[in-house]
Amino acid sequence: MNECVFCTLPEGVNLVENELARAFYDKYPVSEGHVLIVPKKHASSFFDATAKEMACVGELLTKVKELLDERFHPDGYNVGANVGTAAGQTVFHWHIHVIPRYNGDAGTVRWHT
10 MNECVFCTLP EGVNLVENEL ARAFYDKYPV SEGHVLIVPK KHASSFFDAT
60 AKEMACVGEL LTKVKELLDE RFHPDGYNVG ANVGTAAGQT VFHWHIHVIP
110 RYNGDAGTVR WHT
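In our numbering, the protein residues as written are 10 to 122.
Simulated from the structure, these hints should not be mistaken for lab results.
Treat the hints with care, as some may be off.
[Stated by the list, open to error] Once the Cα atoms are required to be at most 25 Å apart in a straight line, the calculated DMTMM-like pairs of lysine to aspartate or glutamate come out as: (1) K49 <-> E62; (2) K74 <-> E28; (3) K36 <-> E26.
[Claimed, not checked] Quick list of simulated restraints, FRET-style, between CB atoms: (4) N23 <-> S53: 16 to 24 Å; (5) D35 <-> E12: 17 to 25 Å; (6) A115 <-> A60: 34 to 42 Å; (7) Y37 <-> G113: 19 to 27 Å.
In this text, a Cβ means the ideal position worked out from N, Cα and C, and glycines have one as well.
Please model the entire structure based on the sequences and the hints provided.
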């Protein structure tokens, strides 16, 4: 069985973290500043998250937005999760994408098939 890429990331990649989640820059960004927020406990689906995990992810979402606003000054954001292969999920450790958007960029979220 392959190890989960999110479960084996080194600590040094974290942008911010809290008790149950951590955030880091996406290795394959859609735009400059694209961040992933990932729970520390492995679970495949967003719908498997506990209320406490959701609260911790929400706390990091606010912190990540503040950091990205300060560093990149985006004009907007896409925030979301892909759940299941049909929805474009490629890493089966649930996570939230925080994608800064800039006036004039393509305005789409990538889709791998």
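A quick look at each hint next to the structure:
Distance check on the hinted pair: K49 and E62 sit about 9 Å apart at the alpha-carbon level, within 25 Å; holds. With a CA separation close to 19 Å, the supplied pair K74 and E28 stays within the 25 Å bound. For a cut-off of 25 Å, the pair hint linking K36 to E26 stands: about 18 Å separates their Cα positions. Our hint of 16 to 24 Å for N23 and S53 holds, since their Cβ atoms are close to 22 Å apart.
The hinted range of 17 to 25 Å is satisfied by D35 and E12, whose Cβ atoms lie roughly 19 Å apart. Taking the beta carbon of each, A115 and A60 are about 35 Å apart, inside 34 to 42 Å as hinted. In this structure, Y37 and G113 meet the distance hint of 19 to 27 Å, their C-beta atoms being roughly 21 Å apart.
Taken one by one, the earlier hints all hold for this structure without exception.
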